[in-house]
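Engineer: So the chains spell out like this:
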Amino acid sequence: MNFQGVKSIYRFEMARWGRTLWQSLVTPVITTSLYFLVFGSAIGSRMSDMAGIPFGSFIVPGLILLSVLTQAIMNASFGIFFPRFTGTIYEILSAPLSPLETVTAYVGAAATKAVILALVTLATATLFVDVWIAHPLLMLIFLIVISIGFCLLGFAIGIWAKNFEQLQVIPLLVVTPLTFLGGVFYSVGSIAEPWRTVTLLNPVLYLVAGYRWTFFGVSDVPLWSSLAVMAASILIPFAAIVWIFRTGYRLKS
Amino acid sequence: MSDAIIRIEGLRKAYANGVEALKGVDLDIRKGEIFALLGPNGAGKTTLINIVCGIVTATGGEVQVDGRNWLHDFRRVRTRIGLVPQELTTDAFESVWATVSFSRGLFGKPRNDQKVEEILKRLTLWDKRKSEMRELSGGMKRRVMIAKALAHEPDILFLDEPTAGVDVELRRDMWELVRKLRADGTTIILTTHYIEEAEEMADRVGVIRKGELVALGDKKALMAQMGQRTLKITLDEAIAEIPAGLAEWGLALEDEGHTLCYRFDSHAEHTGIPQLMRRLDELHVGYKDLATHQSSLEDIFVSLVHEERAA
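If you read the protein sequences in the order shown, they are chains A and B. Letter by letter, the first sequence follows residues 8 to 260 in the working numbering. Letter by letter, the second sequence follows residues 13 to 323 in the working numbering.
Extracted from the complex, chain B is given alone in its bound form (with noise of 0.2 Å):
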């Protein structure tokens, strides 16, 4: 892919006690997109992340930011990217200021008390530029430790599950701080545990289990690729259970018998509903509204992590 701004190839992380989290993972990173990255606790996210980041060291497997390797070339690469943790891990005596000020310094940028002010405002801290860390709530330092990755201005923001922990308000606006980071040409890697979180902002999805990439693609194509539509009837009159004439379909009954499930495949070139609504004439069940709905990521990753306990 040309455009690639990250390219990981072949990554693998075994740690010291054993456990193998990443098994050779290939992904490509575009350019200006915003990239989620989802999967189980223990899946090898953080992993992947802390490998590109300079943080853990891989054990085999290659990662090139721009084209330059990410070792070899690591102050380049590094200045390019910012990262905020998953752990809310701060100074606690230091001042808002100070703290986001020491970040940009520590990563070879002259100071700039214009940019950094900038920052602060666009998070909503420059009211708290003077208060010291650990005088902060819970959200307060999490926009600091966005603050502090944006100080040296990086094109690649790593965001390790950001808004975990977080209230519904200051969710939203970390999607809608996000999205304006993107318009600015910053390409965007979150981790998550909220589907609606990947859903509603990213680009393309990738799913990791067990430390192997097991979907990527396009977040519409991945959902339409991967997704499954329902139909649901709702009846006339209930029923007790589902009529032997209808086992061919796999139904399911729900709403203490109001309503009939019907899971297809809407790209498949027989879906089997014509047939289903014969089959329900014929034995005179009666409805009275029909509607289907797509799979959502969260079902999509559900089944994803329920194949793996299977397997």
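Bound-form chain A, shown alone (with noise of 0.2 Å):
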């Protein structure tokens, strides 16, 4: 195994990432703590519970998955279209490293700066409205997954996108809206059909309510349809990025 090729690439993303930390976190996390503000201080106090918890704090682990899911995405697929767009992929395929050790310094790198992210955002959803967290340990472990999950997908879309701008239609024109009709804002049991069937064909659902469940121990869904979501959520886009190493699709030529 290179580990020092591993930890290159994983220091030197780790280092872009601080150099631009105005963008990749202050950012998100006041774009999320206005939705704290607003939908938890300001008028949570007059919406009704959802499934027995205060809304304001219904809200907290969608949002932060809102902001996890599109800036693990950004973030992966960024790392690897732009030494693509520069030109300086030729030293990363021309290192001695598998395509498994490349993947995980970038997928491992954009995961890490979700987590962060997402434990910032957390830390200032705390100062807006009551947080509490049921089974801390899976939380953790479910936005590690969820969030490596996503960093894959965010990882081959760095490679399919021919431009900027194919690198931003997946997570905000796609993960965006499915986040935010996938039961951020409200409880599955608490919409009309068919809207509420309609809800349920939309996977991110699954992975907002079982990241709900960690800290509040109520879910709108099975835990175990969660954890299936969860598991498609690395295999599919991992499937992806095997295919791709394969084929040297937009790789090599």
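Computed list of lysine to any residue pairs in SDA-like fashion (alpha-carbon distance at most 25 Å, straight line): (1) K121/B / G94/A; (2) K14/A / F86/B; (3) K259/A / A28/B; (4) K127/B / M8/A; (5) K259/A / R19/B; (6) K140/B / Y97/A; (7) K121/B / S105/A; (8) K35/B / R253/A; (9) K121/B / L107/A; (10) K14/A / R88/B; (11) K222/B / S260/A; (12) K169/A / T69/B; (13) K142/B / P90/A; (14) K140/B / P90/A; (15) K142/B / A22/A; (16) K259/A / V31/B.
Heads up, incomplete: computed chain B residues facing chain A, CB under 7 Å, no partners named: (17) G66; (18) T69; (19) P97.
Calculated directly from the structure, the hints in this document are not laboratory data. Model, not experiment: these values are computed from the prediction. Glycine included, every Cβ here is placed at the ideal spot set by N, Cα and C.
Two independent chains are provided; combine them into the complex using the hints.
Structural biologist: Here's what the structure looks like:
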């Protein structure tokens, strides 16, 4: 194993993140905090409880995931897209690194950023609303697993994208709407048919519900279904990445 | 060849658009030599280098580096190879020190500030170590690219058009550096458009054309084998046209009628020179000077490319 090589990419990516901290950490934390402020502190007290949880608290896990999912994809996709864009990818491809080591380094760095972002956002949330965590260890494990899954997806997007516009399409036009409609602000049980059934087709719902369960011990869907979606969120992009490295798709001519 | 550090056998590459960039290239690179790969644009030089370095996937054939297959044993093989690509591709916001250190780690070498310092000093980059890449001139960036390639102390170095776009002084510096690296035991493979560069530095030369190796050999032997000599006869008085009696030599008239040029093969059993001299006397064409000129690599290269166009 080329441990030094993995460490070099990881540190490089973390250093790049450090240079753009305002954009990659402070901005998403402030944006999410505005939700806590408006929906939690300002109008949360006028909203009815959701699944027996005060509204301001109820939205915390979902909003954390909203931020984590988009940033995980953006960080991981940009991490591999930028060397392709500038041409410095030649160095990665010619280095004594296996595909697994390359993915571990880029996805590891992106997932670290996503987890830090989530924890900072969670800490910020406590300033505005009451938050308690029923299963702290599971909360952390779920967070790490979900971050890795979406970083893998971001990595695949970073290789697929031909330009900066394509890089933004999936996080902004697919993941963000799916997260908003994935029960961040409401319980599935509170909405009527046919929208209830439609909502159940949204895979992000299962992630939000599962993550919320680690906080409050209640969930809209069975826990096993959340675990199944989490597993799929890792396995599907991982399979795509394996195919990318086997075929050299948009990496090697 | 027993001293081959790189053995390329039947290397083929066909791109998805149907272009056949390499058509079964066989080539041995000897340990410790400077090998120059010449060829026109699109001949397949960069494709060949990129396949050996793992950047492009070969369609067929095999590469062995010191007896190791370049795909099965990619870790050991790549650790020994450094690549300076043709394009100046750098991370604009990284410092010189950071980017060179990054390259060292990427290739599996532990941090060694002393080694990085030595490389930067050798390439006269030490004063620029804290500068961001975007602040550097093209020539300086080229030096950084070389420093990055040397950061993991490879014993095989690929230089793809290393002096493209650099000024004469820097080019001379680079040649000196390449010689020093060779003196330290590094095998160097360079592609270049500057025939002067190959002529100046290379031990052996290969000419690639449309994905095929059309000439290969020791630089001097190649020049001797393929090179023609030209006899230049400076006349006493200018002539308007070549006398009909000299037609069989295929002479050319240059220098506004003052010089007759005769191309001949120095290895031929009969060069035709004595007969030409006698005929000049018979025709009372006086001359005051004779000079011969050996074809350069550039002449050979141009003639090979012309062969292709004529084919």
